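Trainee: Each chain, written out:
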Amino acid sequence: MRGTVALGPYLTGAIIISKTTLDSKLARVYVETFIMTVTTEPEALLSHLYKADGSATYSHAGYTVIGAVNGPIEAQKRDELPEEAIVDVIVRPAAGVGGTRERHLESLLQSTLRQVILVNSFPRTLIQIILQITVTPENEYINGKLVQANVNLPVLPALLQTAILSLLSASLPMAATLTSTSLAIIQEDGRPHIVTNPTARQVEQSKSFHVLAFTSQNELILAESEGAFTLKEWDDIYGAAYRKCCTTASIGDTDTLMDEGTTGADLKRFTRSIIEQKTASDLHWK
Amino acid sequence: MPREAEPSLNERAFVIQALQEGQRIDGRAFDQFRKLDLRFGDQYGVADVTLGKTRLLAKVSAEVTAPYTDRPFDGIFTITTELSPMASPAFEVNRPTETEVLLSRLIEKTVRRSNALDLESLCLVAGQKCWSVRVDLHVLSHDGNLIDASCLAVVAALRHFRKPDTSMEGDTVTIYTPAEREPVPLSWLHSPFCVTFSFYGENGEMMLVDANLLEEQLRVAKLGGTAVEGTSLIQCASAAVARVKEFSTLVDAKLADDLKRRDKGGLLAELSAENER
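For the protein sequence lines, the chains are U and B, in the order given.
Counted from 1, the first sequence has number 17 at position 17 by full-length UniProt numbering; the numbering is strictly sequential.
Counted from 1, the second sequence has number 64 at position 64 by full-length UniProt numbering; the numbering is strictly sequential.
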């Protein structure tokens, strides 16, 4: 069901193409190529880079980000803080040079991750988090400008997840893990409608777009919004994001989870299972 | 930032002595490459090259801009190689190291200045509109021999890349989105590849290909440092020819595989608006 939601606008687009080219076969090809680029389930790979202390590749909802963590390492004299570690986040776009948008994302990530990492345990050191965006969903209807990279809020959940997984892979002590999701309010049939993990096209058409992140103790840690929305709408967004990020059925209780009809992947469970797999493979020799 | 750790004296002596006895620390022959793997992304123009523990990602992008005023008939082609701290904490953002300068200079020389990409074919309206093709090279993991691996990644990514199709009617240029017309490949003239040889010993009598990071730190000739025998240079050239042929067949085979993967039901030929030449 999630798959059809994510592919909705693409499917309609494909039908329009078939009208203009008068060939239904061609439409099928397009649909297939779209499916190839959209991943509905999150996927992750841990500790695959040799040089960095910790690394992770995370892909979800059309975004793929490679993250690496070095730390705690020696900080430069002019930067070091006497009582805590500096958290340095570097976001690099897939194509083009980073600009103000990347700096904005970096500052958001920095202030969020600083609260989660136990920075007080490592005074006068540096924890470096490098996030390399490799795949962003392409809008097949627009030839985008690429030299000035166009990274924005929609990539933030993927960046946060990658950062957390890389930190876990680097075994840096943290007070909590994070789960994060993006939501959009789209006007449909005259009434607002919440879409989780909207596609690039849905973000474009949306009234407002939100990114929320929760800690593993179910506390809100990051809320970024774009566009116009009412307080009531924000409450609905909060509720939807909370259900997506925080609810996880107790282990062995998968059936009730299915019945509840939660949209898409359970992020908290996902992070947990990835780490469980990693630990199991690391302790394989025992 | 911490500096790259120098190999210790013991390590240095061990590696050099092993080389003198005809052994490399990872058990390879002197003229043997590490395992080379090339993968393409779901999007056009993304190549992921793994050479042993070295891993690189090249991404090609294109957009329409105005050409340089002194070259009105040529398109613009740029390659950016920026080493991030991901490759090693010794690299800093916005502060190029010697490795980075060397790498970007060599890639520029082999790919851009050898005219591998036909720049005139990127021109749309002389003096007004042209394609600007850009390659971003990301080093994900650095374990030596960045030059050979990045050259391969750049060439593979450029050959894999498709730019949006265009048409001309009088003075107006129409650029079609991927949904309207299947994108077209770049006009590619030849595929250059690099093979790096490292010399060791007092007079540079030992010659290795595909040195890993530790071996790279120990070699004698850096930045054109020591003199090398003319005959060994000829040897290098003939060894490189054989190696480059292997690279070339690898890229061709991988490109063919990728095309087969994309061409589901054999309909890509129908989608193409290009004429047979």
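Calculated directly from the structure, the hints in this document are not laboratory data.
Any given hint could turn out to be false.
FRET-style restraints, in silico, Cβ to Cβ [said to hold, decoys possible]: (1) B:D42 to U:I186: 45 to 55 Å; (2) B:A126 to U:L45: 45 to 55 Å; (3) B:A126 to U:L220: 25 to 35 Å.
In silico lysine-lysine, BS3-like type, Cα no more than 30 Å apart, as pairs [as the list claims (entries may be wrong)]: (4) B:K264 to B:K53; (5) B:K245 to U:K286; (6) U:K278 to B:K245; (7) B:K35 to U:K278; (8) B:K260 to B:K129; (9) B:K264 to B:K254; (10) B:K109 to B:K35; (11) U:K286 to U:K268; (12) B:K109 to B:K245.
In this text, all values refer to a predicted model and were calculated from it rather than measured experimentally.
Positions of the beta carbon are idealized from the N, C-alpha and C atoms, including for glycine.
Trainee: CA of K109 (chain B) to CA of K245 (chain B), is that 30 Å or under?
Mentor: Status holds; Cα separation ~20 Å.
Trainee: So if I understand the rule, the pair passes when the alpha-carbon distance is 30 Å or less; does K109 (chain B) with K35 (chain B) pass?
Mentor: 26 Å, holds
Trainee: Between the alpha carbons of K264 (chain B) and K254 (chain B), is the straight-line distance 30 Å or under?
Mentor: Answer holds: K264 (chain B) to K254 (chain B) is near 17 Å, not above 30 Å.
Trainee: Check whether the Cα positions of K35 (chain B) and K278 (chain U) lie no farther apart than 30 Å.
Mentor: The given pair, whose Cα atoms are some 25 Å apart, holds under the 30 Å limit.
Trainee: Taking the CB of D42 (chain B) and the CB of I186 (chain U), does the distance hold inside 45 to 55 Å?
Mentor: 26 Å, violated
Trainee: When you take the CB atoms of A126 (chain B) and L220 (chain U), is the distance between them in 25 to 35 Å?
Mentor: 57 Å, violated
Trainee: Assess, step by step, whether the Cα of K278 (chain U) is no farther than 30 Å from the Cα of K245 (chain B), and give holds or violated.
Mentor: 40 Å, violated
Trainee: When you take the CB atoms of A126 (chain B) and L45 (chain U), is the distance between them in 45 to 55 Å?
Mentor: 48 Å, holds
Trainee: Next pair to validate is K260 (chain B) with K129 (chain B); report whether the Cα-Cα distance is within 30 Å.
Mentor: Given pair K260 (chain B), K129 (chain B) is violated - Cα atoms ~34 Å apart, limit 30 Å.
Trainee: Next pair to validate is K264 (chain B) with K53 (chain B); report whether the Cα-Cα distance is within 30 Å.
Mentor: Roughly 33 Å separates the two Cα atoms, so the pair is violated.
Trainee: Does the alpha-carbon distance linking K245 (chain B) and K286 (chain U) stay inside the 30 Å limit?
Mentor: 46 Å, violated
Trainee: Do the alpha carbons of K286 (chain U) and K268 (chain U) lie within 30 Å of each other, as the hint requires?
Mentor: 28 Å, holds
Against the hints set out earlier in the document, violations occur for numbers 1, 3, 4, 5, 6 and 8.
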